[in-house]
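Student: As you go down the protein sequences, you meet chains S and W in turn. Each step along the first sequence adds one to the number in this note's numbering, with nothing skipped, and position 40 is 40. Each step along the second sequence adds one to the number in this note's numbering, with nothing skipped, and position 486 is 486.
Certain hints may be false.
As the list claims (entries may be wrong) - Derived DMTMM-like pairs: lysine to aspartate or glutamate, alpha-carbon spacing no greater than 20 Å straight-line:
{"#": "1", "chain 1": "W", "residue 1": "K415", "chain 2": "W", "residue 2": "E379"}
{"#": "2", "chain 1": "W", "residue 1": "K692", "chain 2": "S", "residue 2": "D58"}
{"#": "3", "chain 1": "S", "residue 1": "K4", "chain 2": "S", "residue 2": "E45"}
{"#": "4", "chain 1": "S", "residue 1": "K114", "chain 2": "W", "residue 2": "D524"}
{"#": "5", "chain 1": "W", "residue 1": "K553", "chain 2": "S", "residue 2": "E86"}
{"#": "6", "chain 1": "S", "residue 1": "K85", "chain 2": "W", "residue 2": "D550"}
{"#": "7", "chain 1": "S", "residue 1": "K24", "chain 2": "S", "residue 2": "D108"}
{"#": "8", "chain 1": "S", "residue 1": "K85", "chain 2": "W", "residue 2": "D544"}
{"#": "9", "chain 1": "W", "residue 1": "K303", "chain 2": "W", "residue 2": "E314"}
{"#": "10", "chain 1": "W", "residue 1": "K692", "chain 2": "S", "residue 2": "E86"}
{"#": "11", "chain 1": "W", "residue 1": "K407", "chain 2": "W", "residue 2": "D325"}
{"#": "12", "chain 1": "W", "residue 1": "K407", "chain 2": "W", "residue 2": "D370"}
{"#": "13", "chain 1": "W", "residue 1": "K553", "chain 2": "S", "residue 2": "E88"}
{"#": "14", "chain 1": "W", "residue 1": "K540", "chain 2": "S", "residue 2": "D108"}
{"#": "15", "chain 1": "S", "residue 1": "K66", "chain 2": "S", "residue 2": "E45"}
{"#": "16", "chain 1": "S", "residue 1": "K55", "chain 2": "W", "residue 2": "D550"}
{"#": "17", "chain 1": "S", "residue 1": "K85", "chain 2": "W", "residue 2": "E503"}
{"#": "18", "chain 1": "S", "residue 1": "K72", "chain 2": "S", "residue 2": "D36"}
{"#": "19", "chain 1": "W", "residue 1": "K540", "chain 2": "S", "residue 2": "D105"}
Everything labelled a hint here was simulated from the structure, so no lab data went into it.
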Amino acid sequence: MATKVYILDDDRIVAHSLSQILRKSGFDVHSFKSADECINHCDNESIGYLLLDHKMPDMTGIQIQKILVERKSQLKIIFITAMGKEIESAALSMGAIKVFVKPFDPNDLVDLLKQDTHVDRCNEAV
Amino acid sequence: MHASLRLDKTANVLSLISYQIFIGICCFTAVIATQYFVYPYSPLSYFNFTLGVVLAALIYSDLKVIPGIIVGLLLAYHVLNIPTAISILLSTVLILECSAGAIILKRYFNFDSKLETISDVVTLLVVMGLIITLFSAIIESIGLSILLHSEANLFASLFLHTWMGKLIGVLLVSPFLLVWSHPVQLNRTIFETIELLLLFSILLVLCGCIFLGWLAIYTHVYSGLPIAFMFFPIIAWASFRFEQHIATTVCIILAAFSFWALDHNIGPFTYGSVSEAFILTWLCIITSSTLSMLLSADITYCKQIRVKLKKSDERLNLATHGSQDGLWDWSDTNNDYIWWSSRFYQLLGYKEDEIESTHSSLLTLMHPEDKRRHLVMLENHINGNGAYNIDIRLRKKFLGYRWFHAKGKVFKDVKSNAFRMAGSIIDINDRKNAEFEIKRLNSKLEHKVELRTEELLKINNELRNEIQSREEAQAEQENLRDQLLYMSRESAMGELSTSLAHELHQPLMSIVNYSQSCLIDLNDAKLDNEIADNITTISKQALDAGSIIDRIKSYLSKNRGHKKIVYINHVIENLQSLLTLEAKKFNVSLNIIFDKNKSCVKVNELQIQQLINNLFRNGIDAMELNQKQSKRLIIKIDSTGSELIKISVIDNGDDQFIYNEKMLEAFFSTKPEKLGMGLSICTTIVQAHGGKFSLIANQKNGATAMFTLPLISCPNDK
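Looking at chain S on its own, in the form it has when it is part of the complex:
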């Protein structure tokens, strides 16, 4: 079964271009249209990765991360943001696995996802 990747970015083109690459790389991608949609959808049973932008109109990425952490969400959060350096420490301290600073090479993201998925599968197998 393909790994689930959720994208939350207020910039539609960035979200679309990223989801295109990920889909072509074999991931099951779903884009949220708003922070509320993301919060409502992501419950504690959701598994997969969440690509989270930080600077958004409704809520910041860090705020959303906080909510999800409080809900004990199992989603793995990867930040994709232009303000990478400023929020890196806060994001990583709350459990984000990586902070990518835009613009970044999407191959790095794909490689990270594939690698992490492989590790998980290995752990599951064990």
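Mind docking chain W on chain S? Use the hints.
Tutor: This is chain W only, laid out in the frame that chain S set:
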């Protein structure tokens, strides 16, 4: 005769001719009248009235009247059938002697034809009566002797008669005419008038008795008695009591009666021969005339002196009363006695018998400090060194010492020795007191002026210092303003670059993503590598652009200025004067509420000031169009409780504030001309300091911009 008959140089021809005719008639009449008293020697009588008339005319008028005289005389002589040669001789001699007499008397002796002084009478008597007539009588006698072919022994008789006749003219007729040529005093008292009438009455009665035989006086007394002497009291009375006019008139009346009596061979002079009668009559007339002239002159002179003295006294009294000066007269400087006027006594407060008017008593009244000055000045003045003009204090009877101004002048005799001194004193006490008062007030004023000048100088210095410190403060403010402006620009640049970077990163990310997506498709399709290479290049360029943008952003967003621990109140205080000035400019009432706890924060002071300045300007902008309320802005620093300090900027803009989350974003502004970086910068600064920024509506109107900062313990608290 009247003074108006005097010919002056501007008289016209008509008046000159009239005058000549008048004089001619007078001379004619005189000659004829003389002829009436003809005795043995025809026109040569003892009574030469003509000379009197001609002399008076020439003394009174100038020599212009000579033609008239000549005509009158010659006409008269012709009427009297006097031979031409004799007429000419007589006329010539008469005119010459009278002209000479008039010229000499007027020019050399200043003869006053009023005969008011004894010297005038004596001059007339001597010059005219004794000298000129003597010479003219000699010449006339010689001439007549020759013309009449008289014998030598008759010359003496001729001379005597001629001269005696001329004397009558000089001493009887001309004085009468000259005196009456001057105005007579008419304003007599009733008693004087009665007296005058009495005088003439008695004169007439006496003349009647003596010359006319009234009261048959000659039958009862010896005929040899000199009854004529009875006239002398009358003459004396007329002379002493009345002026020359009356005296000469009395003489003329007397003379007239004498001539008449002589003519009729009666009277006191008729005993003896004709010649003796003539001589006696002549003597009587001459004596009485001369006596009356001398007496009246003396009396007149005395009267005039008395009048002058009276006038002088009156004048002096008026002057002294008018001037309020006390006069003094030290008639003998070697003597102690000084005459003091009544005013002098008055000024000193004494009655005339209460104090001796001496120099010594004056010195006792003088203030001891002034005595020496007075004596020195007096001595100097007497010796001719300077004037006597001094302010001294004299002790008045009851009032004590008062200031007087004394002045005087010394009089010296022919040997330049001072013998007399006179002057005045005046009470100048009030003036002196006023002078002292003025001096005192002046020095008081000067002192006040000095004090005031000092005060003003002090104030001036203070002002100068104040101005200097204000200028320094202003310079500081300008500096702060410049710094804030620079800071603001810097922050704006930083904020701008950050926002731009963020905005540009999104499309660049999309470029890279789509490029990679295309590459994946190209790899799958195993298509031309050149397209793949191009797309790869596109992707790399986009990534490079992103790096460049990051580097620029990083450079422009460098954190300038270090943070340090400061009292938050001080941070605001340093900005206060700038804010106050700005508030005044916009007519805003500014109120700053400082932190009561005097807390400290660790901040970049300039950034916090920039932040507050931004919020302040926003508040002012919000109240710009206030019409309902007056503009009020409050900056409140509040550290009660918690570990945070709250700084609020509260405005009272008219409209209800409606919050919009975009307000805190970059490039958001309600004003088209503004960049919209303000609140974005504020947020950035606050977050950089670990605080939170918020913008909320007030309950009624306006808004509050508030930010927090973490508290830190102050250096003195440790």
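Student: Next, verify each hint and record whether it holds.
Tutor: Against the structure, the hints come out as follows:
1. K415/W x E379/W: Answer holds: K415/W to E379/W is near 18 Å, not above 20 Å.
2. K692/W x D58/S: 18 Å, holds
3. K4/S x E45/S: 13 Å, holds
4. K114/S x D524/W: Given pair K114/S, D524/W holds - Cα atoms ~19 Å apart, limit 20 Å.
5. K553/W x E86/S: Within the cut-off at roughly 13 Å; holds.
6. K85/S x D550/W: Within the cut-off at roughly 11 Å; holds.
7. K24/S x D108/S: Measuring from Cα to Cα gives roughly 15 Å; hence the hint holds.
8. K85/S x D544/W: 18 Å, holds
9. K303/W x E314/W: The hint holds at about 16 Å.
10. K692/W x E86/S: Distance ~16 Å between K692/W and E86/S Cα, so the pair holds.
11. K407/W x D325/W: Roughly 11 Å between the alpha carbons, so the hint for K407/W and D325/W holds.
12. K407/W x D370/W: With a Cα-Cα distance of about 14 Å, the restraint between K407/W and D370/W holds, given a limit of 20 Å.
13. K553/W x E88/S: 17 Å, holds
14. K540/W x D108/S: Judged against 20 Å, a Cα distance of about 14 Å means the pair holds.
15. K66/S x E45/S: 17 Å, holds
16. K55/S x D550/W: Measuring from Cα to Cα gives roughly 17 Å; hence the hint holds.
17. K85/S x E503/W: The given pair, whose Cα atoms are some 16 Å apart, holds under the 20 Å limit.
18. K72/S x D36/S: Status holds; Cα separation ~17 Å.
19. K540/W x D105/S: The given pair, whose Cα atoms are some 9 Å apart, holds under the 20 Å limit.
Violated hints are absent here; each numbered hint is respected by the structure.
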